[in-house]
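Number of protein chains: 2
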Amino acid sequence: MNDRPIGVFDSGIGGLTVLKEIFRDLPGENTVYLGDTARVPYGIRSAETVTRYSFENAGFLVAEGIKLLVVACNTASAVSLDAIKEKVSIPVIGVIDPGAKGAVMATRNKRVGVIGTEATVNSKAYSRIIKAMDNTIEVFSLPCPLFVPLAEEGLTDDEVATLVAGRYLGNLKDRGIDTLVLGCTHYPLLKGVISKVMGHGIVLIDSAIETVREIKKALREYGIEGNHPDEGTASPLRRFYVTDATDRFIKVGERFLGQKIEHIEKINVGGN
Amino acid sequence: MNDRPIGVFDSGIGGLTVLKEIFRDLPGENTVYLGDTARVPYGIRSAETVTRYSFENAGFLVAEGIKLLVVACNTASAVSLDAIKEKVSIPVIGVIDPGAKGAVMATRNKRVGVIGTEATVNSKAYSRIIKAMDNTIEVFSLPCPLFVPLAEEGLTDDEVATLVAGRYLGNLKDRGIDTLVLGCTHYPLLKGVISKVMGHGIVLIDSAIETVREIKKALREYGIEGNHPDEGTASPLRRFYVTDATDRFIKVGERFLGQKIEHIEKINVGGN
Chain H
1005 MNDRPIGVFD SGIGGLTVLK EIFRDLPGEN TVYLGDTARV PYGIRSAETV
1055 TRYSFENAGF LVAEGIKLLV VACNTASAVS LDAIKEKVSI PVIGVIDPGA
1105 KGAVMATRNK RVGVIGTEAT VNSKAYSRII KAMDNTIEVF SLPCPLFVPL
1155 AEEGLTDDEV ATLVAGRYLG NLKDRGIDTL VLGCTHYPLL KGVISKVMGH
1205 GIVLIDSAIE TVREIKKALR EYGIEGNHPD EGTASPLRRF YVTDATDRFI
1255 KVGERFLGQK IEHIEKINVG GN
Chain V
1005 MNDRPIGVFD SGIGGLTVLK EIFRDLPGEN TVYLGDTARV PYGIRSAETV
1055 TRYSFENAGF LVAEGIKLLV VACNTASAVS LDAIKEKVSI PVIGVIDPGA
1105 KGAVMATRNK RVGVIGTEAT VNSKAYSRII KAMDNTIEVF SLPCPLFVPL
1155 AEEGLTDDEV ATLVAGRYLG NLKDRGIDTL VLGCTHYPLL KGVISKVMGH
1205 GIVLIDSAIE TVREIKKALR EYGIEGNHPD EGTASPLRRF YVTDATDRFI
1255 KVGERFLGQK IEHIEKINVG GN
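Protein sequence lines correspond, in order, to chains H and V.
Count along the first sequence from 1, then add 1004; that gives the number in the numbering used here.
Count along the second sequence from 1, then add 1004; that gives the number in the numbering used here.
Derived from the structure by calculation, the hints contain no laboratory data.
All figures in this text were calculated on a predicted structure; none of them were measured in a lab.
Treat the hints with caution; some may be incorrect.
The list treats identical chains as interchangeable, and a pair is accepted whether it falls inside one copy or across any two copies.
[Claimed, not checked] Okay, derived cross-link-like pairs now, DSSO-like style, lysine-lysine, Cα gap no bigger than 27 Å in a straight line:
1. LYS1128 <-> LYS1270
2. LYS1270 <-> LYS1200
3. LYS1255 <-> LYS1128
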């Protein structure tokens, strides 16, 4: 039994979709979440800048005494996961590998679509990992930059979202894919619209769900599982840090998380 | 005659709409533009964070030897203009005052709308300045967060933009305003759509154009006007600095500016 927290960071609030799955699937674990809201979004920044920010975020969480680090940001996972793994001495899990694995398992016709931010798509990380697992799979990638602001605005089940999704995804649909990876932690909020546009024959891979599967496996393998909630212990501690003001994070974040955000504090990371 | 450059900063590329008007109206002036692309967007950040970033940007440009500073970002002008003016010893011009003045001059029925980012609207800066000039004017403010990504994506003359504009502006239209301030430097790119949605009876105030009027006045007043282009001198030097990679800035920026971006360099500001 190890009651040190699981650390999760994201550029902002998107990673809360991963945290939500951790709460659901690992309800006894303590968690600490860092949203780098003073420097969000990462998806339009260069690999060099994203890596620098990621190091600073990882360093902050390691200093908080976490037992496992989750990089709950596709952009940071795509461009800086290996570098982070070299820097820290605890297990590190990103969101790209689990999503890619999920897609390889799901596809029947070997045609997989991936949608994400510009930085994630430009990194070709999904395509590289999917092809390393099965090089007969064809991968079609597409950036969907408006999906993040739509999700943050709460316009997720709406005529605007449907129109934007139709515009972006039409081309991908024509490629005859049978599996689509939601390669950005914001996108699960648009699942309904994306599914409607793509049609029901297409499997959507939600990397938040896939990632929590990997987290559970790692906790077991390293022997660092926390309390089991059935053991009647105190409620887990769920701490939040942000690098900009807390009010907007709480407002948008509670919608993402579907529950109250307490224990939140504004901090500085790397002189942001 | 003073050939030191005019310094212009913005959180990213939006301020290029102001720079474009400087090129058009003051073609003999040397300019240096700083886009803080590693920390864009400012519009969702707290006043404290925006002020810190603004100080760092202003400090960088002053060290470049500028003769006048233009804060070509509504968010930074709204929350930190007075603080910047106290810090630097050259004339400083923001985009809020000129836009507010333009609206006061234009309105006949004393009902003015203002659209901008969340931070600009929350600051109530336009409303405060307009009412200080004429307290019989009613001001109706509205944040339009999706307009910035739409402009950056180039979806400015498009079904999506029309639908989003209709959604945002319908409420404002019902208020019976006769003047609408485009309180964000990105919004002039959406002028066509905004004008279509609002109808032709409504005057749109483009703060880029209003701001350049103020810049010309300040250059005259302080006796620091640059070369006149008719004097047959060398072409003005138009330098650009960004805090993240140059490629995306060049791609999107050339569309904003309607001309080539040369002399561009990536720099670090305040350990961003």
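How do LYS1128 and LYS1270 come out at 27 Å by Cα distance, when the copy is not named: within, between, both, or neither?
-> between (34 Å within a copy, 24 Å between copies)
Quick one: LYS1255 to LYS1128, C-alpha cut-off 27 Å, is that within a copy, between copies, both, or neither?
-> Answer is between; shortest inter-copy Cα gap is 20 Å, intra-copy 33 Å.
Under a CA distance limit of 27 Å, which applies to LYS1270 and LYS1200: within one copy, between copies, both, or neither?
-> neither (38 Å within a copy, 42 Å between copies)
Of the numbered hints listed earlier, the single one contradicted by the structure is hint 2.
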